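Peer 1: Please model the complete structure; the sequences and the hints are all you need to start from.
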Amino acid sequence: MQIGLEHYLTVSFLLFALGLLGVVMRRNLLVIYMSLELMLNAANLALVAFSRFNNKLDGQVLVFFIITVAAAEVSVGLALIVALYRRRQSAHVEDLTSMKL
Amino acid sequence: MDLQTILFYVFAALTLGCGTLVIANPLSRNPVTSAMFLVLTIISMAGLFVLLHAFFLAAVQILVYAGAVIVLFLFVIMLLDLKAEALRRIKIYGVLAGAVSVGAILAIFLKSLGATLFNTDSQPTIEGGTAELGKLLFQSYVLPFEVVSVLLLVAMVGVILLSKKNLD
Numbered sequence: 001m002q003i004g005l006e007h008y009l010t011v012s013f014l015l016f017a018l019g020l021l022g023v024v025m026r027r028n029l030l031v032i033y034m035s036l037e038l039m040l041n042a043a044n045l046a047l048v049a050f051s052r053f054n055n056k057l058d059g060q061v062l063v064f065f066i067i068t069v070a071a072a073e074v075s076v077g078l079a080l081i082v083a084l085y086r087r088r089q090s091a092h093v094e095d096l097t098s099m100k101l
Numbered sequence: 001m002d003l004q005t006i007l008f009y010v011f012a013a014l015t016l017g018c019g020t021l022v023i024a025n026p027l028s029r030n031p032v033t034s035a036m037f038l039v040l041t042i043i044s045m046a047g048l049f050v051l052l053h054a055f056f057l058a059a060v061q062i063l064v065y066a067g068a069v070i071v072l073f074l075f076v077i078m079l080l081d082l083k084a085e086a087l088r089r090i091k092i093y094g095v096l097a098g099a100v101s102v103g104a105i106l107a108i109f110l111k112s113l114g115a116t117l118f119n120t121d122s123q124p125t126i127e128g129g130t131a132e133l134g135k136l137l138f139q140s141y142v143l144p145f146e147v148v149s150v151l152l153l154v155a156m157v158g159v160i161l162l163s164k165k166n167l168d
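One line per chain: the protein sequences are A and B, in this order.
1 is the number of the first residue of the first sequence in this note's numbering; add one for each residue after it.
1 is the number of the first residue of the second sequence in this note's numbering; add one for each residue after it.
Hints in this document: simulated from the structure, not taken from any laboratory.
Restricting the straight-line Cα-Cα distance to at most 20 Å, the calculated cross-link-like pairs of lysine to any residue (SDA-like) are:
{"#": "1", "chain 1": "B", "residue 1": "164", "chain 2": "A", "residue 2": "83"}
{"#": "2", "chain 1": "A", "residue 1": "56", "chain 2": "B", "residue 2": "132"}
{"#": "3", "chain 1": "A", "residue 1": "56", "chain 2": "A", "residue 2": "3"}
{"#": "4", "chain 1": "B", "residue 1": "135", "chain 2": "B", "residue 2": "149"}
{"#": "5", "chain 1": "B", "residue 1": "135", "chain 2": "A", "residue 2": "65"}
{"#": "6", "chain 1": "B", "residue 1": "165", "chain 2": "A", "residue 2": "79"}
{"#": "7", "chain 1": "B", "residue 1": "91", "chain 2": "A", "residue 2": "94"}
{"#": "8", "chain 1": "B", "residue 1": "164", "chain 2": "A", "residue 2": "89"}
{"#": "9", "chain 1": "A", "residue 1": "56", "chain 2": "B", "residue 2": "51"}
{"#": "10", "chain 1": "A", "residue 1": "100", "chain 2": "A", "residue 2": "90"}
{"#": "11", "chain 1": "B", "residue 1": "164", "chain 2": "A", "residue 2": "80"}
{"#": "12", "chain 1": "B", "residue 1": "164", "chain 2": "A", "residue 2": "73"}
{"#": "13", "chain 1": "B", "residue 1": "91", "chain 2": "A", "residue 2": "90"}
{"#": "14", "chain 1": "B", "residue 1": "91", "chain 2": "B", "residue 2": "30"}
A partial selection of chain B residues facing chain A, derived with a Cβ cut-off under 7 Å:
{"#": "15", "residue": "16"}
{"#": "16", "residue": "34"}
{"#": "17", "residue": "72"}
{"#": "18", "residue": "113"}
{"#": "19", "residue": "133"}
{"#": "20", "residue": "137"}
{"#": "21", "residue": "152"}
{"#": "22", "residue": "155"}
Please read these numbers as outputs of a predicted model, since none were measured by experiment.
We put the CB at the ideal spot given by N, CA and C, even for glycine.
Peer 2: Set out below in structure tokens:
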């Protein structure tokens, strides 16, 4: 059987669901961040698959930009987590409830 | 089954299996383990990119994600002492609510996938090599490319400012 677009999209959807589950389920800020990376990667996989099966390279250029933006996002996010940890001595979302009403 | 099909299933299984171990590892709650499995996920995803003939992106994926992003993660994990974190319990209601909502979203995705008619006549012919991608990047997408460089500069300034000892 030929591997088509639907196979890659299924993998991409499952990976996105895994990432979302990680964001909802885990309570450690760093693991939540890693799950966000999983979700971004799932989107990348879908874009590359669409680009391949539509015979257009534009999707791959978009993935290139997504990787760049993800790198910037990770650096800023991790700096925020470090700054937060310095102030609160915790990287656990249940300890960060000062904005709760 | 030809080699490509076998390789697709191997890489897909590796990606999903290691992805599962990133978010829920039964043996270890340590963030370092999660980071290591994230490296494996990303490398097997680079394998999927190669199967899709996106060679340049596969290389970039390994260089940027496995090489830079994960190292940054490991740096921060080592910097923060998270020993006490690993001992906390996961709340069962949170897991249940999360699983139900994520399952619903996944069901919508897969249902829409099943309802789509795919065009199977045309054979994919493009190659995502450095030359082809570079031409496109520096001709049609040169403005976004420059904007991204500004974004990286902004991120750099932001990170330096955020990691100063006294923020105020």
